[in-house]
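**Q** These protein sequence lines are chains V and W, in that order.
Here the first sequence stands for residues 6 to 672, numbered as in this note's numbering.
Here the second sequence stands for residues 192 to 1359, numbered as in this note's numbering.
Derived by calculation from the structure, the hints in this document are not laboratory data.
Backbone N, C-alpha and C define an ideal beta-carbon position, used for all residues, glycine too.
Don't take each hint at face value.
[To be verified] The calculated DSS-like cross-link candidates involving lysine-lysine, where the alpha carbons are at most 30 angstroms apart (straight line), are:
{"#": "1", "chain 1": "W", "residue 1": "Lys-642", "chain 2": "V", "residue 2": "Lys-96"}
{"#": "2", "chain 1": "W", "residue 1": "Lys-1272", "chain 2": "V", "residue 2": "Lys-665"}
{"#": "3", "chain 1": "W", "residue 1": "Lys-834", "chain 2": "W", "residue 2": "Lys-642"}
{"#": "4", "chain 1": "W", "residue 1": "Lys-970", "chain 2": "V", "residue 2": "Lys-49"}
[What the hints assert, rightly or not] Pairwise CB distance ranges, derived in the manner of DEER restraints:
{"#": "5", "chain 1": "V", "residue 1": "Ser-286", "chain 2": "W", "residue 2": "Glu-578", "range": "54 to 62 angstroms"}
{"#": "6", "chain 1": "W", "residue 1": "Glu-578", "chain 2": "V", "residue 2": "Thr-239", "range": "52 to 60 angstroms"}
{"#": "7", "chain 1": "V", "residue 1": "Asn-502", "chain 2": "W", "residue 2": "Thr-603", "range": "52 to 60 angstroms"}
Below, each chain spelled out in residue letters.
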Amino acid sequence: MKQLSIMKLKYISKILLLSGVLTACNDNLEIAPPSSVIPENYLKEESQLDSYIIKRYTDLPNAGGGVGLDNNTDNEAGMGYSTLYTEGDLKVGETGGEWNFETIYQINYFLERVLPAYKNNEIQGSQENIEHYIGEAYFLRALAYFNKLMTLGDFPIVRNTFTDDIQQLTEASKRMPRNEVARFIISDLDSAAVLMKPTAPDGKKNRMYKDICYLMKSRVALFEGTWLKYFKGTAFVPNGEGWPGATKEYNKGYEYPSGNIDNEIKWFLEQAIASADMVASKYPLTENSGVVMQGVGDSNPYVEMFSVPDMSGYEEILLWRDFDRGKGILHNRPVDGGTTCTGIGLTRGMVQSYLMNDGLPYYASSLYKGDDSSQDIVEGRDDRIRLFLKQPGMVNIWLNVGQGTHGNPVEAEVPDITNGSAQYRYNTGYQCRKYWYWDHTYCNNWQGDTGVSIFRAAESYLNYIEAYYECYGYLDSKADQYWRALRRRAHIEEDYNKTIQATDMSKEAELDWAAYSGGQILSDVTLFNIRRERRNEFLSEGFRSTDLKRWRSMDQMMLKKYHIEGFKLWNTDLPEKYAANGYKLIYDQDPNSNVSSPFVSDYLRPYEILKNNRAYGGYGWHMAHYLSPIAMQHFMITSTADDESYSDSPIYQNPYWPVKANYPAEK
Amino acid sequence: MKRKALLQLFIVHNNSIKDFFRVMRISLFLLFVCVFQLMATDTEAQNAVINIRQNSLSIKQLIKEIERQTDYLVVFRNQDVDVNKVISFQKRSGKVSEYLDEIYKNTNLNYVFEKNYITLSRKVEVVNQDKKKITGKVTDQNGESVIGASVVEKGTTNGTMTDIDGFFTLEVENAAVLQISYIGYRTKDMAVAGKNNIQVQLMEDMQALDEVVVVGFGTQKKENLTGAVSQVTSEAFEGRSVSNVAQALQGAMPGLNISQSQGYLDASPSINIRGIGTIGEDSSGNPLVLIDGMEGDMNRLNPQDIESVSVLKDAAASSIYGSRAPFGVILITTKKGKEGKLSINYNNSFRWNKAINMPKPVDSYTFATYFNEAAANAGTAGYFSAERLQKIKDFMDGKITGGIDPDPNNPTRWGDPYVYGYGNTNWLDLIFDDTVFAHEHNVSISGGTEKLQMYASANYLGQDGYIRLNPETNQRIATNLKVTSRLNDYISINYGMRFNQIDFEKPTFFTDNMFSNLSRQSWPTMIAYDPNGYLYSSPSWALPLQDGGRHRKKTNETTQQLNIVVEPIKGWKIIGDVNYQVYQERVHEDIQKMYNHDVNGVPYQYTGFSSNSSVSENYKGTKYLNINAYTEYSKRLNGHNFKVMGGFQSEQFWQDVTNAGRLGIIVDGMDALNATSGTDGSGKITPPTVGGSYDKWALAGFFGRLNYDYKGRYLLEGNLRYDGTSRFRSDKRWKLFPSFSVGWNMANEEFWGTLSDYISTFKLRGSYGLLGNQNTKEKWYPTYLTMPIEAANSAWLINGNQQNTSSAPGLISMTMGWEIVKTTNIGFDANALNNRMNLSLEWFTRKTEDMIGPAPEMPVILGTGVPKTNNTSLRTNGWELTLSWRDRLKNGLGYNATFNLSDARTKILEYPNKTGVVTSYYSNKNYGEIWGYETIGIAKTQEEMDAHLASLPNGGQDAIGNNWAAGDIMYRDLNGDGKIDSGSSTHGDVGDLKVIGNETPRYLFGLNLGVDYKGFDVSVFFQGVMKRDYYTSSMDLWGATSLWSATLYEQHKDYFRNDENHILGLNMDSYYPRPLFDTDKNRKTQSRYLLNASYIRLKNVNIGYTLPTSLINKLKLQNLRVYFVGENLWTGTALTDLFDPETISSDPAGMMKYPMSATYSFGLSVTY
């Protein structure tokens, strides 16, 4: 027995020893990341909130700078045609696309963790700052949702994050009617406005504040209000004919919160009017001296406002982005703006849309000198094109000439329309001068660090005018005041009624897509001129594409194709000048042709130089193209059925797009 | 004991058999004794003292004691010695010779000391009968005299030994048959009837001795192996002119797959054992590399320090290393000192490396012509105007000079070379040298006393790279010291220290990125030097390479290894290892201001590559501590042999990283942080960048092994490992991994009988084991969520400053755990024809389960990456074959051939690909599958294309492109739906796609052929892949695909041209379709452009001459060999010359890379 117990003891002690070693090992193997912060310890202090939000600031629209922001519309045309307007080139994707939630997740993660902590007073720091950061988060979520509203329309509304549970995620993927999405955006913007500081906290307007929310709100509300108005009754609005949302149980029999679509339109437009006014009534426009800047001493604040390194001094600029060479935070605007905007030129339609100084359209004005040269076409014209259209011999760069790799110090006698390189090609012959900068040290390739304007007050003027007119069918005194202010600055006759009276819609319809809505030429000339004002003010600022879509201004191209044209080349003295400058203009000799044929048009048609160009016959349209398709992957993942239509997926495709990868629009 | 008729020689155990053979070959060094005469030629040897614990021992035990306590090896013929005979001794401690004298007295055995060997042979008693006297001479196949060979009258004890000149005299019966034998040679019988004088030539007996193979925590006789293990010895590294160990191992062993990634000086090849182990997105399937039992980087090792390399391929062999070894182990054993006189070896090699497969760019005119055609075909106007084309032509014809015009908008500057350039530059010739030099020197010292032996070596390798404008250099210094000592009968202590330092330097702008940019962006029409002779960049890579600064990487590594073996009682050993390694890596990079020169030759700063000058320093230090404690006990009982082993292993790894950088080099050319001002290119003060972190991981494991065999016939081995890792949380941390293996060597069975004369080993074996993989690559804390936080890096500035940023952490699977690897292996080994032929076959299946695969697809509303988890599995099947033959002809010509061949194919068993996208992985996919279209051909005319499209009434080829014309590809409508498309590229809807090939390298082989004759030796080594498909849509294959993907090499001129007046001529039967920018419609993955990437490459040619010993001895040298080595001298492949078959698929795939080299080297090796 004794023996046995000793044996047992030995046995037990061995086990104890072994387990002891194991425990020791286990402790030694418990290694948490020593150089990283774990989530439990973060977002507990105001600077941590700050760091989270500032990372997302680059989501702001056009924050990367860029030029030719209206490319692929009737305003601007790059070297390549846009598949948006050709037959069958735009297809349903296999994966990816606009249907993504990364940005939304980032913001929801923040709000989900910060809001409860904030309510329980668990976040250290100044109450005011903490609220400001939360406000910014709401703003950024609204922004993310607005991007989805513009491209996809109906979209799931999510306020929280999920775990990787496929059922839960599938359930959450239900698309909410677009007006609900817009209302959600507006409610986020309202929250943001309540929480944010009244003025830019950094003092230089690199950080957002309340008025940014109001401006954004007017943008969103105007967008949705006009969309619902022009697409009323179609598959592109809830309960419209063929609205795909009706195919899903959860959206069937949808009722507008305001009762019907007309009330809904009114509600949005009223939101737009009110919030636009809060900004427009507060911020004046930057003065335009009328000087076409050509050298040292020339100054025009309206021009400088778009390209100086420090934009904080302009009241009209509500928010701008600062860049810095040493820190490697760069863009290429000075190079691109100083050359050819990466081969993106202004169209003839854009240039001709500007009024003459007498407030009359070119065809009605005695000031019009014709369009045989680019000098002629802008003479006596709206400053917004006179100042921003490059001309032969124009001096672009006068500071530190030679310090930059790119940028034309002086424009050549004739624009290079045949160059194969986008950096040198004046694709339409008309080149935009906005965003160029006159100091050559900024013109090194991808080394630009001039400022980039993100929001400017002029938009609120335009939003007010348009929303008010769309809502009530007339203009109030404020609208009148705002419109006149814009025209005054452009150095055109303030009285827009003169313009309205002289406007010939059939003439306008030749060049301007926005002369149409729903396939019909606008009968309301005032409305057209409001649209014209917007087009002219926002030269190359990236609003055109969205505007054309919400106005439903492309339907007409399904019947009659539109030819993108640049400057007048033939039947002018230009061919001689080109020859004198050593250019050989070749047409109708494919594949050696380098300009479009005079037998097709006097005007340079950038997509009609070679007959095998996909857009040779002009730009057309498909209804489906008003919204982006949702890629196949998303239907498949959310479906358990094996049928090809994935009918049990809660996601439905946008109108006239097939549920089939690599297939083009059906209509 | 085993009966072995042919394999008569048997060695108890030894680690350095090969050396033994080398020694034997240099037979002049043999010491000899005469019959009946004990002549101790080496007094030191005789005086070696051993201790025994009993007064009586069997001969076998005594041999073991001698071998254990001294560095002697005792060799004898089985039939001569009854090893079980017990001898009594007076003393428990004494000289070896005293004990051997005792044996001599009590048995019929004689002994001879020779260097490290003690040879036991039968005493030959001379019976003086009145018969005939025969004389003779014994020589080896080289005609050299064999000293000390035993000459015995068969069936008697009558015999003698040969003298120093190989002569013997013996009285025998008239009809006697003489049996002449000598260790290491095949015994020969000769009838002497009617002769008084005979000439005997003995043939060397190849691999007569049992090989000992290094396995995990010990060694094993090859004969008794049951797992899949391959081994090569130092021979594999002799006569190679390689820059690292992995290059020398390529093709040396079946199943060890080594592929070159890049030819960079500091590049290391990638290694896998038996093919794809894991496709786990976050897991690594690399083999574990152990250098003298400790994890290490084989590419920092001096190849000449290597004694042997073992590759443990199946789970049974590697499971003793548990979680570190799921995909095999490479065990590298370095050389250690040998007892005896100090021997010093010096060898060197001088190498000329020549770049192979460097593509040839086209000339400017061809380039511009192609360009214009490609643009016009895409509907855009040509890039090069007629005037510029003419200028290009005139420049090439020498009619005009310059090559670039001033910028018309800025006439003091040269223009943008893309627009105003008309030169004709071969950028590759400009930037790369054709031939570069390297040299290597190696000194090693070996020797010691009975108690203490030492090996020390030093190695220097200096290499230049191909960059012409600014040198790229690599220098390796490696030293090694190994001391082995016996403190007393019970304790041995071994200590090793290895140090290496690698200094690598290159121009800062010489990066992977440079290769692709050079290829796509450096048009021949651009000039390298402006008309004033200055390098001109806008952009060209020549300027930044030459003036842009230097990148320097200095690493040093010190490894210390202490090993203590205690043997308290016979057969029981306790072993402790402490391994410690310190590694430091410092990377310096400076970016200097670069200058272009204007039209007047005035310099101005060029900021196209960087607007700021800067210096950055990155430091990384790691520490690795590995402690092993284990014990083993072996016992033999009546033919039953047992061995048990058990122990504990712990590993800990620490890493700390610091980096700092600052802008603004104050004086051009300086490169220290202190020489920077902190200002950016525009003079603005910018904060320096700093960073640093600490990290750690740890592993612990318990292991045990049991070996059993019965008379070498039935073999059994079991392993168990219990592992824990810091990478997983406590509930998933520990895992048990068992394995077992069995073997049956039929040649040792009684029934095998006389068959063993022909086949001495005939072994079947099988194994099964389970291993775990915890190697989650760089993610050391995969189950922890961490906030992505960055200091002052925001892209949005507030008050001109960068802000701290943070964002949401991704989701993480808390349940993440081990990958399980299950391997079954069946093997067969045979030795035949007196070991001249060796055959080894392996078949295996390896299943990797619960791989940490890609995340399952989830509705994207999740908004973030789906957490990865253990959800994927795959299976790799394969086989390996090694066949070798060695022989020596009567005329002294020795030759050998070794061929190895292996194959491994991988199938994905489970993969979370819900939508079944075929281009991704999916369940039941064969790894490496290439999905593509079937090509009908290139339409020669528009009519042919139209007819083809008309045959596709439901949409033609619209789904993949438009504007189909002559010179475009016609694809085949495989599913007959009247259109060409890829459906949704998912299962059930693949459209016209099908599997057109597989890019897995199949049938990897190595073939080693060697011949030696009278001091000359020649060996050649071929390596290759017999089957492999490859597809790439890269511009390097296809030629320029857009303005900024403008690659054009000679091969690309073979494109479709239906124009007799074309400058390149009509080409209707072209390889390539018509040039076409900005669409990939002709470049869809398709059968026509599937490349055959199989190849055979002459990896190594080695021609050497060893000077005759007689001559050498006069120089008081032991050995002198001169040699020529060639590497990569010839390649046979069907692959286009645009690519090298070895590097084709390494990143960037299908693109130009640093070239591989053909090496020509000369050197000599001297041993004193």
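**Q** Of the numbered hints stated previously, which ones are contradicted by the structure, given in increasing order?
**A** 1
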